[in-house]
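Peer 1: So the chains spell out like this:
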Amino acid sequence: MIIKTTELKRSFEVGSETVEAIKGINLEVQAGEFLAITGPSGSGKTTLMNIIGCLDTPTSGEYFLNNKLVNELNENELAGIRNKEIGFVFQSFHLLAKNSALDNVLLPMKYAGTNIDEATVRAKHVLDQVGLSDRMNHGPTELSGGQQQRVAIARAMVNKPSILFADEPTGNLDSKTEGEVMGLFKELNEDGQTIIVITHEKNIANQSKRIINIKDGLIESDTRI
Amino acid sequence: MLFKESLISAISSIRSNSVRSFLTSLAIIIGTAAVIAVIGIGSSAEKALEASIDDLGGRTLYVAPGQNRRGAVTKGIIPLDIKDAEALANYKEHDWEISPTITRNRQVKYGNANINQRIGAYLPIHFGVRGYELESGRLFDEDDNLGRKRVVVLGSKIPSELKTIAGNLLNKEILIAGTSYKVIGILKEEGSTGWQNPDEELYIPLLTGAQRVFGTPNVDSINVGISNDQNVDEIMMSIEQILRAKHDIGPGQDNDFRISDYSQFADLRRQATGIFTLLIAAIAGISLVVGGIGVMNIMLVSVTERTREIGLRKALGATHSAIMLQFVVEAILLCIIGGLIGLFIGIGILWICATLFDWPFALPIGAMIGSITFSAMVGLFFGIWPAKKAAKLDPATSLRYE
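Residue numbers (the working numbering), protein chains in the order written: chain F, 30 to 254; chain U, 1447 to 1848.
Calculated directly from the structure, the hints in this document are not laboratory data.
Don't be surprised by glycine CBs; every beta carbon is placed ideally from N, CA and C.
Some hints could be false.
[Unchecked claim] Taking CB as the label site, the calculated pair distances span: (1) VAL1735/U - LYS205/F: 51 to 61 Å; (2) VAL150/F - LEU1809/U: 42 to 52 Å; (3) ILE1815/U - GLY142/F: 27 to 37 Å.
[What the hints assert, rightly or not] If the Cβ cut is set under 7 Å, some of the chain F residues that face chain U in the computed set are: (4) ASN79; (5) ALA108; (6) ARG111; (7) HIS123; (8) PRO137; (9) LYS139; (10) TYR140.
Required output: the full structure, derived from the provided sequences and hints.
Peer 2: Shown next as structure tokens:
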């Protein structure tokens, strides 16, 4: 089991009020799943992703990642988990604008302390996997939206994470490149990569194998396709 | 590898905001330039001073008429005269060179040129004591002095003052205070020692001067040249005894002459230069600290601007210390670059001053290393807070920061 949460809750202080964004989520994810988390904005799906992605910690409840209790780890241990166990793909790509595609992909390995020669070989390999071996010395401004997102996917994959998170990965793409990116996810999943996509678009969610719908901070439905 | 990444990121950040970076480090630039220039100028001026003292050949004591008033009975001042100098010269206990001097301004004429110039009457040994060298002709000697000959040796700038060239003046007659003198020699350029300019003086034998030009045996001063291994206090005591006896000064009465030590002046001047240097260096140091505050300010702006980037780096696994390192390195780099620019400007100013005032030019290595190190420390000190602020950012919120 890769992910197991029990009664996960997260509340925020907004002024003098306390708002509960998620109100007790129990979720189990097995290795190799292709999961979509959907729900309207304000439903709590982003908060859930932040916690499962170790960007945030729950107010209460337990979160096991690879059978390890995560919510008691300190800031640096969480950074280590984000570095090695989790790969992020964002809606707005989040590439470093002044760095080449290759340098962007190298970044997680720099934080991991990987030897530069090994890191370069691995970065070139994943860039080749996403079909950008001829564009790796180009900066983000010289790449199309679809190409930028593929660089981001290569960056997320380079440390061989347990989970690949994609937060509205096609939100800034046209329908053709959207198809390309989703195709890439399917390929990666067929190779055994666990993928969690957060989206509010039905047709994106429908391309996954399991759809979890969140409403008002709770799981409303859990459907396997 | 992480340090290299931080360095690359810092360079790219500074380069992409080059105008802002330059303005930020301006105070650092000015501060470093001031430190380098002032300390460099201070030590160059001191070296020049030492060189001019060395020129005097050992130490020179300076005896002049006058009184140090100490509240005792004031007796009429007896001027120093040639006889006093002779008394000192005849005292064989010490190995010293006695060189009395009379200098006054007089009219000097040659052809159409008519200038008011300093005339100095000296013993022939004066040239040796001062280390003055001949460009052409000869110096006057003891015969010229004892014979009260009307001969003159010119400082190197005198021919041009007289609107002619050295070659035209040698062995010609010029008029000093209406009397004709033969130019027997012209000196090489000596350069100003800071006391007076030997290039703009006319040199005549002491007795010639006393009798023919100035009409007085009274001298302005008597220079007593001694070697460095002699005891200055003992020498001063001897001079005092001889002159007190000569001037018939009774016990309890004040001297009617003053004995001073050139190297004392030099020490005082060195002290004053040192204090001045320290003062300016302190002000420059304050400018560096003010520069540091500017750097801190711009780093805080930079952290805010790059909130999303920080969020991303954290999402990719950057630890607290990795983010700290990135911003501290950037702050330090900003200060070091400013420091280096300031260093070159400071050296430039120093070089210009050294050339202008004819001082020996030497790089103030200590000040260079010191000011760059200090700049780096300023960067470190003022970079830590913004870097901490960056490292503490929450990754989830900063990723979505607009």
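Peer 1: Take the hints in turn and mark each one as holding or not.
Peer 2: How the hints compare with the structure:
Distance hint check for VAL1735/U and LYS205/F: the Cβ-Cβ separation is about 58 Å, which falls inside the suggested range of 51 to 61 Å. Under the hint 42 to 52 Å, the C-beta atoms of VAL150/F and LEU1809/U, about 47 Å apart, fit the expected range. A C-beta distance of roughly 33 Å is found between ILE1815/U and GLY142/F, which places it inside the suggested range of 27 to 37 Å. A cut of 7 Å between beta carbons decides the hint on ASN79/F: the least distance to chain U is about 4 Å, and the hint holds.
Taking 7 Å as the C-beta contact cut-off toward chain U, the hint placing ALA108/F at the interface holds, the least distance being around 4 Å. Below 7 Å, beta-carbon pairs count as interface contacts, and ARG111/F has one with chain U at about 5 Å; its hint therefore holds. Using the Cβ-Cβ criterion of 7 Å, the hint placing HIS123/F at the interface with chain U is satisfied: the shortest such distance is roughly 5 Å. Because the closest C-beta pair between PRO137/F and chain U is about 5 Å apart, less than 7 Å, the hint holds.
Because the beta carbon of LYS139/F sits about 5 Å from the nearest beta carbon in chain U, less than 7 Å, this interface hint is met. Satisfaction of the interface hint for TYR140/F is found here, the shortest Cβ-Cβ separation to chain U being roughly 4 Å, below the 7 Å cut-off.
When each numbered hint is compared with the structure, no violation occurs for any of them.
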